[in-house]
Structures are given as C-alpha cells and as structure tokens.
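Participant: Sequence:
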Amino acid sequence: MITLDRRDRERKGHIRPEGGEPELGYMFLPQAWGRGYATEACAAALDWFADTHPGEPVVLSTQTANEASMRVAAKLGFTEVERFEDYGAEQWLGVWYPRTPSD
Numbered sequence: 002m003i004t005l006d007r008r009d010r011e012r013k014g015h016i017r018p019e020g021g022e023p024e025l026g027y028m029f030l031p032q033a034w035g036r037g038y039a040t041e042a043c044a045a046a047l048d049w050f051a052d053t054h055p056g057e058p059v060v061l062s063t064q065t066a067n068e069a070s071m072r073v074a075a076k077l078g079f080t081e082v083e084r085f086e087d088y089g090a091e092q093w094l095g096v097w098y099p100r101t102p103s104d
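Note that the sequence shown ends on residue 104 in this note's numbering; no numbers are left out.
No lab work stands behind these hints, which were simulated from the structure alone.
All C-beta atoms, glycine included, are put in the ideal place defined by N, C-alpha and C.
Hints are not guaranteed to be accurate.
[Unchecked claim] Listed below are the simulated SDA-like cross-link pairs for lysine to any residue, each with C-alpha atoms no more than 25 Å apart in a straight line:
id : residue 1 : residue 2
1  : Lys13     : Tyr38
2  : Lys76     : Ala44
3  : Lys76     : Glu11
4  : Lys13     : Arg36
5  : Lys13     : Glu24
6  : Lys76     : Glu91
7  : Lys76     : Arg36
8  : Lys76     : Tyr98
9  : Lys76     : Glu19
[Stated by the list, open to error] FRET-style restraints, in silico, Cβ to Cβ:
id : residue 1 : residue 2 : range
10 : Pro18     : His54     : 32 to 38 Å
11 : Asp52     : Phe85     : 19 to 25 Å
12 : Thr65     : Met28     : 30 to 36 Å
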C-alpha cells in the first residue's frame, strides 16, 4: 500500500509552520520486503505527484531504528530535516523536492 496524504498538523515534525504537508507512506507484507518493491512503487507515486503538484515537496517519517525504511528514503532522494521523539522512539523526518526540468 502506498499513500500520499496531508500530514496532520497536530503531529510532530513539519517543514512548514502551518503543517499539512503531503506525506508519503507505505506498507508491504513481509514476504515482499527486501525485493525493491517499496522503492519502485514509491518512486512511481512521487513521479505522479510531481506531475500533478509541480514544485510541492513531500515529507516522509520513519523510526530511525527501521533501517530498511531509512534505506528506501535515501534511495528515493529524501533528505533529513529533523529527528524527534514520538511513539516511544526516535523518529526521522525527511523531505523530497521534485526535480525541475533543468535538473
């Protein structure tokens, strides 16, 4: 499952003071882990999003202990914005900026 929803303003971690940024989320069954499906599916979703919302950045949040998710974020081009405590663990917030035609 891939989602692109607005990040709840009440949650910790934002790139804009007013919040509400588009947030990429994903969840795959364990038998699909480690096969590159998350990276491929999320890249397609981000490409679609960039075409339909030109210039709008997307955020992604994951626990720092989730090494696989941290690798997916890096492969997709997300860069770290901040780390914070939530849900009893350290969280990582990254941002992805769509490329412009000149990139």
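Participant: Determine for every hint whether it applies to the structure shown.
Facilitator: Hints versus structure:
no.	hint	in the structure
1	Lys13 <-> Tyr38	28 Å, violated
2	Lys76 <-> Ala44	9 Å, holds
3	Lys76 <-> Glu11	28 Å, violated
4	Lys13 <-> Arg36	31 Å, violated
5	Lys13 <-> Glu24	13 Å, holds
6	Lys76 <-> Glu91	21 Å, holds
7	Lys76 <-> Arg36	14 Å, holds
8	Lys76 <-> Tyr98	13 Å, holds
9	Lys76 <-> Glu19	28 Å, violated
10	Pro18 <-> His54: 32 to 38 Å	20 Å, violated
11	Asp52 <-> Phe85: 19 to 25 Å	31 Å, violated
12	Thr65 <-> Met28: 30 to 36 Å	18 Å, violated
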